[in-house]
Structures are given as structure tokens and as C-alpha cells.
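The listed protein sequences derive, respectively, from chains S, D and G. 29 is the number that our numbering gives to position 29 of the first sequence; each next residue is one higher, with no gaps. Offset between the second sequence (1-based) and our numbering: plus 1000. Offset between the third sequence (1-based) and our numbering: plus 2000.
Just so you know, these hints were derived from the structure itself, not from any lab. Owing to the predicted nature of the structure, the values given are computational and were not obtained by experimental measurement. Some clues are possibly wrong.
What the hints assert, rightly or not - Cβ pair distances, simulated, as ranges: (1) 2033/G - 327/S: 38 to 48 Å; (2) 2261/G - 126/S: 41 to 51 Å; (3) 105/S - 2261/G: 19 to 29 Å; (4) 331/S - 1151/D: 27 to 37 Å; (5) 1081/D - 169/S: 38 to 48 Å; (6) 2059/G - 189/S: 25 to 35 Å; (7) 105/S - 2051/G: 57 to 67 Å; (8) 2129/G - 105/S: 55 to 65 Å; (9) 140/S - 1130/D: 38 to 48 Å; (10) 327/S - 1070/D: 53 to 63 Å; (11) 327/S - 1135/D: 22 to 32 Å.
Said to hold, decoys possible - Just a few of them, taken from the derived set where beta-carbon distance is under 8 Å, the chain D residues facing chain S: (12) 1080; (13) 1083; (14) 1092; (15) 1128; (16) 1131; (17) 1245.
Glycine residues also receive a C-beta, built at the ideal position from the N, C-alpha and C atoms.
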Amino acid sequence: MAAPQLQVNAGKSILIRIAELRAWLFLILLIVFFESWARAAYGMSFIVNLYNIQSITVFATVPLMLALGQTFVIISAGIDLSLGFVMGLSSVVAAHMANIAAAQLGLGPFPAMMFGILAGIVVTFIPGLVNGWLIAYLRVPPFIGTLGMYGVARGSAYLAGGGMTVAVNNEWYSVIGNSRPFGIPVLVMIAVVAIIIMHYLLSQTRFGQHTYALGASKAAASRAGINIKMLTMRIYLLSGLTAGLAGALYTGRFSAGAPQAGEPLLLDSIAAVVIGGASLFGGSGTIWGTVAGALVIAVIQYGLVFIDVEPFWQFIAVGTVIIISVLVDQAQRRFIGGRQVE
Amino acid sequence: MSERQPILSVRNVSKHFGGVQALDKVSFDVFPGEVVALAGDNGAGKSTVIKAISGVYPYEDGDIFLDGKRIAFATPQEARDNGIETIYQDLALADNLSIGANIFLGREPMKRLFGILPAIDRKRMAEAAKETMKRLDFHVDRLDAPVAAFSGGQRQAVAIGRAMYWNARLVIMDEPTAALGVPEQRKVIALIQSLKAEGKGIIFISHNLRDIFEVADRIVVFRRGENAGERTPGTVSADEIVRLMVGK
Amino acid sequence: MERRSLIKMMGAATAAAGTSLIAGKASAAEKVTIALIPGLTADGFYVTMHKGAEAAAKALGVDLIYQGAAEWNVSLQVPILDAVIAKKPAAILIAPNDKQQLIQPLKKANDTGIAVVCVDTFIGNGVFQTGSGDADFPISYVASDNVLGGRMAARALAKAIGEKGKVYVSNTIPNISTTDQREEGFKLEIKNYPNIEVLETQFNGDDANKAAAQFQAVLGRVPDLAGVFGANLFSAAGAANGAKQAGVAGKVKMAGFDAPESIVAQLKDGTFELTIAQHPAEIGYFGLVAAYAHVTGNPVPTAIGTGFTVMTAANIDDPNVSRYLYKSE
Ligand SMILES: Nc1ncnc2c1ncn2[C@@H]1O[C@H](COP(=O)(O)OP(=O)(O)OP(=O)(O)O)[C@@H](O)[C@H]1O
Ligand SMILES: [Mg+2]
């Protein structure tokens, strides 16, 4: 019998690598741009500047938190539009619970803070599970299901806060949100831990692997014996939890829980994931890409203020980077199709 | 032939969808190292019978025996666990994953990171992929490339490799060559022959009589959900198979 | 300038006229229904305004409808407005969410014979009943004089920074009448201080996280930044957090606008140097009185300005100051 000689063309590997790293390339280009401008116009450095690095990383933390969960959702070919208000809900609940723990339960500031943070995170189980259930079991398209939850979480957040921002008086909570031992902001430390955990989940576990498979082909994942309903539930649960963490941290930072805190961040979170190399069609994306994507957005917004450019350029700049990212992704698809980066 | 025990015996299996009698008392056997082709016009019931075997649908009447034991799987996963692998033209692979990841999809090997954290053992997946593909005479330069980069025939090779790796005893292929160009069809036929050489039982569904004649040991013809005849390629002409399919 | 002092005069006049009206007409008139649509419900400012309107409604025997959206958003406010129009109140008091986009929806109310009074924010240019332009139909504009508020913020901030140094305005989104005017007033007044330089305004889209980063970026370029005027609560809170993150809290002086109850602690711990408290209860009260006067056939001034209180750590414990804190319920 004739032995089949099947050869896989691997000649495009360098091209693939570059495309995979595009978010980091963007980031480097942006930094070079701002660096030259800052030196030319103000005689100062943009990036060899601990203060700027601290400011930008803190700035990126909360949107990144949302983007981490969104990365899983988008890789699975879904979208989570409820994240912004889930974050707001968590922020308000964390504020309330920290207050109640101190006033009613008589806890000290540290346990009261932990109680608030935990409550803020735990409350996001509900929207996460409902999102997952709608999408997995009732076959509601993610866009619609999470849009519904966007409304529900929004209303709940306002109700929970009595329609107001909820002030917190807890010195520990404020320390978590604002201090920086050894020059490293606590928020950034927490973000780094979250990044590592999420990277591990996505790249090293079956959960992550199956998320990629689900995004590429629901049928393939299902035929391979993966319980795609449970998987979908877990993915939306996880994205709710990261939004919960984001909300609880926001409360620490601003000493107040705000229902609308996350609303302006939802689109930034999706943009970060897309700039980071994920495709909205699902099946591709990485945590490192998302980290770069969130930094790209933060650097643009911070950098343009730093070099004193008319503020409306920010929108144009972020929009342009998103468009370029999507174009690169399209071009890449034409060459090699989707991919998983490990 | 009949002294040996068949891997699979389908006996008088019936199934209907609403008013449509998709299967009406169909029977056939598959022996080790044998390729059984299912032939029949559109809607004859070929896909339905293999879905009844592989746990996609329950069947109503009759019996299916695997190695002499009656089976009625509730899920495709259960069928897989019992050594029945099904290969579809389009639905089987996750395009964005490597060969190894596809072979192991849903059953990934795990190792311990730093001795504690469970993590997917990608090295083992890659090695297994390389070995399996070698068994199929399929040479790959980059084992981490996503299978989206592959041609249709190469993708079938991965799916077949998966069945082989997991030591399936019965491999079911529903129109594996349907979307392929002629050279790629040849390659898949060759792959089926490698599977056969390993002693698997194979059910092969195709509308392409040339493929059927080339690879099948026996041809089971269905017509409107019923057995319309059984022939061996050496003793029958293509015309006669077509006559059986359409009922004269 | 002229307009402003005129507004103040007329404000005082209505207050007097309104009171005499109450005595003369209340018993004779049949029950009048008046609606109040706030800029958003989720805000102590409007909650307090609602209280003022309620007090006036009670005194005048008016039925008050209170309906609003939880957020500042034109596409949420317009449907609520339409629903209120359907109830055919005699007058609508509204804080429009946009200068332009609310003109046509409110014109619809006016065309069906409902009197429109703008409270807090306005449509068009805020100058009504002049016979020019398509947005001059509202009977009256009752609000804090936000230009004046901006001026007061400028004066107080200038004093806090020793009348010299660099400052900027942290603002939300352009084209909101009130915040635009506060910025305008701030910039006009600060011109009287030759040693103060005003830098580019930063717009944060009501995102405190962004307002904080903008503060840090400006401070990075301008290390001798002396003060910031936050034109609304989120802008001010965000900039203040930027100062905290940068370790310059209390050094760079923060002037805020508005006075929720939580501001007390922030004034005391130095997060804010000062804040400008509006008098929303007065806005609600005089807005309702003006609408009632109009529907009962009495002339009404086309603009009524209400006052401000500058709050600092030094005066916040004085009950005459703290009574202007916005009530949360
Ligand atoms: N899920 C289903 N629901 C209802 N009827 C079905 C279903 N699946 C198959 N049928 C019907 O059962 C009969 C057999 O279909 P089946 O798919 O087994 O045919 P086939 O031999 O595989 O045809 P083809 O060569 O076109 O693939 C047809 O009449 C078909 O319409
Ligand atoms: Mg079929």
C-alpha cells in the first residue's frame, strides 16, 4: 500500500511569532514615541522614570482585572458585557459590608476590610452563574445574555448603594488601595498575582485548554467529550470573579463604592483583549497579550496627557490601535488560520 | 471469516424520527481488520445507524453487540471510553490547537509543576503526536503548529491518529473524503489501510464508489432504512451496487 | 457680568413674590400637578433638590411627580420625559442631560401646553423667553449660577495656593452646561491672579481611575503643580486619588465641587482643601414656586440664581455651613 507523505508547511513561523507579539511591539513603539517627545519637548524621560511607571501600572490595574476575565470569555468565542456593572456591584457591596462589619459586627479595620472584599467577590457568583446558565443551558447568545445581565447588575448596584456612592472609612482598606511598600503599589502586586494565576489557568490546565477548544469549535469540544455546559458556566463565573476583585480594589482605592465605577472600563477591557491578540471569533488570545493590551491603552492615555496633547487625541489613538490590531489579526488568519499561543 | 467473533454486531436495529422510519431492522457485522462500507442513497439511514452505535441517539428496537456484549451508550463519550471512535469530515478538530492537543482533547495528560501544581504535559502530548503520526507515515516539522494550517487530508490524518492513539477497536468514518480533492482522497484511503493493518474494525461511509471499491472488504447497502444487500467488492460491479441502492 | 447681578436681583424678587402668591392663590386654585425630572436619581444633589421641591409643593398644595434615570444619560432621560409628558402635568421641572439633545423632546412638552422650567442644567444657551433661537421656550432657568461657582472656586483655590503656581481643571465630558460654566467661571476669575497659570483641561468621562491617572501624568510633567479644580465629584475624587497615589496629597491643593456627606471626612484629612457646595434645596424650592406662579397666571423671572457655600476643614463643623451638605435620603 502507498504510504501517505504528508508534509506540514511550517515556513511562516517567524511571521506567526511577530503577530503573536504584536501587542508588545505596539507597546514598545508607543514608549519610544513618548520617550522621544518627552525628551525633545521637556528634556525629561518618559519611561526611565519610576514615577511614571508606578502611575501607569496603577492606572492599568483595574481595567486589566476586567480584561483578564474577559480574555477567557473572548477565547471561548463569547463576550461579557455585564463586567462593568458587575464590578460596580462588587464595589458597592464591598463598601457596605466593610462598613457593616466594622459598625455592626464590631470587627477591627483589617478583618472588616477582608470581610468587605470577600463579600464583594462572593456577590459576583450570582451574575457569573446566571450568565453561564443563560448561555450554556438556555442557549442565549452571549451578547444578549450578558447584555441582560448588564442591566440587572446595573440596577442591583444602584439599589445596593441606595443610588449613591458609599463612602468607606477604613484605614486598612485605603492602604490596600493606595500604599506602595518598596515603591511597588499594592494594587500592582495584587494585579501581578492575578496575572500569574490567570496565566496558569489558561495555559497549564485542562480548563484553559478546553476554553481554547470551545472557542475554535463547539462541536469539536463537545465530540471530544468535554462538558461544554459546565465549561461555559465556569468561564463566566471566572470573569464575574475578576470583575468582583476589580470592584473590591476600586473601593479601597477611592475609599468609596460606586455603582457606575466599571461602566467606562468595559470597552477598555474588550479593547485590551483584542489589542492583546485575541480574536472576537474565539479560539485565540493569551494572558500576556491582554496584559500588553491593557498597558498599551494605559500608556496612550497617560502618555498623551504627559506630553500635553489635546485630550481628544486619546480616543483617536486608542481607536487606531484597535483597528490596526484587528487588521493584523485578519491578515494573520488569512495566512495560517486561528491559533493558540502557549 | 465467520469463525472469528465480530467486534460489532448490529441486529435488527430500528429507529424513527416522528413519522420517518430512519432505520427498519438493519443488521450487519464488523470483524477485526475489516473495512465495512455502508452505501446507500441520501437519507438511507447510514448516518443514523452509526449515531445509534456511537451513543448520539438511542435506538428503539433490536440489539447492538460490542465484543458480544449488548451496548446502548447514552453519550458519545461513553462510546469513546469503550473503544469506539467516530471521525467526521468537519466537526472533529479544534483548528487552533496542535496535533497533540487535538489527539488528547478532553483527555489531556497531566504532570506536576514544581512537584505540586497540576499542569498539562505538553511534552508528552507532542511526543505521542509525533509517534502516532509516524505510524501513519505522516511527517510534521512543527508539532506545535495549529491544525488550521493543514489541508483537509492532513486533518483527517490527525483525526485518524487520534483514534489510533486511543486504541480504538472500532473506527467509524462518516464521509471522511467528502470535502477532499482527489489526491487528498487517496491519502485518506491509504490511512484507512494503515488502520486496517493494525487490526481495527472500520465502518466507512461514502458516496464515492471508487473509494468504496478500493478500500472495503464488504459493502453493506441500505435503502430507505432497510438492508438492501451485502456484497464483496471482488464479486460485484459498481452498477449492481447502484441498483441495490436505488432498488432496481 | 450684568446678567449675573440681574439674575441675583430677580432671584431675590421671586422669593418674595413666590411667598405672597402662596398666600393669595393656594386655596382658590384646583390641584396642580408638577413633575420634577432630575439629571439623575442616584445623586445626593438631586435628592436634596427633590426635598426642596417637596417642601414647596406641600406649602402650595401641588401634586409633585418625581421620575428620573439612575444615570446621567440622554437616552435614558428622554423616555422618562416622554412618559411624564403622557401624564399631562401642568409644568415640568427638568435638569436636562444635554444642552442640545433635549431641545426637541422638551419642545414637544411645550407644544402640548406643558410649561417647562430648567433646573440645575439648561438647554440651548440658558437664556429663555427672548424670542430668539429654538430653545428659548422654557419659562425660567433656576440654578446655581455655575459661572459664579467656578469663580468662587478660583478665588478659594488661589488663596489656598498663595496666589501663585500652576493649576488645571479636571472635568467630566464637554458640553454639559453646568460643568462647562464652572470651568468658564474658574478660568475667568483666575485671570485676576497674574502669577497663576492654568494648564490644559483634562476630560475623564466620569471615570475616576482615568482622572487619577491624568493627575499623575500632569504632575509628572509639571512637578510644581499647585492645585486642581475638579468640576464635579468624580473628577475631583479622581484627581485627589491621583495625588494620594503620587504621595502629594495635601501638597497639591484640591478644590472640589458639590458636597455629599462623605466630603466632611475628606476635608478634614486634607484630601480636599475646599469644596463649593451648591444649594440644591433652594433650586428645587424656587423651581417649583416659579412653575406654580406661571401656571396660575403670574409672571416669572426668566432666570433665578441660587447661592453657594465654600466649605473647608476650618468651617465644616459650623452648622450654618454643614446644613448645606447634600442629604442622601
Ligand atoms: N435528527 C433527525 N430528526 C429527524 N429526522 C432525521 C434526523 N436525522 C435523520 N433523519 C431522517 O432519517 C432518515 C435517514 O437519515 P440519515 O442521515 O441517516 O441518512 P444518510 O444515509 O446518512 O444520508 P446522507 O447520505 O444524505 O448523509 C432521513 O429521512 C432523514 O431525514
Ligand atoms: Mg449521512
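Problem set entry | Status of the residue 1080/D interface restraint (C-beta, 8 Å, chain S) | holds, 6 Å
Exercise. Are residue 327/S and residue 1070/D spaced within 53 to 63 Å by their CB atoms?
Worked result: With a Cβ separation near 57 Å, residue 327/S and residue 1070/D satisfy 53 to 63 Å, so the hint holds.
Exercise. Per the CB criterion, is residue 1128/D less than 8 Å away from chain S?
Worked result: violated, 15 Å
Exercise. Do the Cβ positions of residue 1081/D and residue 169/S conform to the proposed distance bound of 38 to 48 Å?
Worked result: This hint is violated: roughly 58 Å between Cβ atoms.
For this session: Report holds or violated for the interface hint on residue 1245/D, using the least CB-CB distance to chain S and a cut-off of 8 Å.
Result: violated, 28 Å
For this session: For residue 105/S and residue 2051/G, compare the CB-CB distance with the range 57 to 67 Å and indicate the outcome.
Result: violated, 32 Å
For this session: Return the status of the interface hint for residue 1131/D: holds when the least beta-carbon distance to chain S is below 8 Å, violated otherwise.
Result: With Cβ-Cβ at 15 Å, over 8 Å, it is violated.
Problem set entry | Supplied distance hint 41 to 51 Å, evaluated on CB atoms of residue 2261/G and residue 126/S | violated, 29 Å
For this session: State, for the Cβ atoms of residue 105/S and residue 2261/G, whether the hinted interval 19 to 29 Å holds or is violated.
Result: Roughly 23 Å apart at Cβ, these two residues keep to the hinted range, so it holds.
Exercise. That 22 to 32 Å hint for residue 327/S and residue 1135/D (C-beta), does it hold up?
Worked result: For residue 327/S and residue 1135/D the Cβ distance comes to about 42 Å; the hint is violated.
For this session: Return holds or violated for the Cβ distance of residue 2129/G and residue 105/S against the range 55 to 65 Å.
Result: About 58 Å separates the Cβ atoms of residue 2129/G and residue 105/S, which means 55 to 65 Å holds.
Problem set entry | Consistency of beta-carbon spacing, residue 189/S to residue 2059/G, with hint 25 to 35 Å | violated, 58 Å
Hint compliance for this structure: hints 1, 2, 4, 5, 6, 7, 11, 13, 15, 16 and 17 are not met, and every other hint is.
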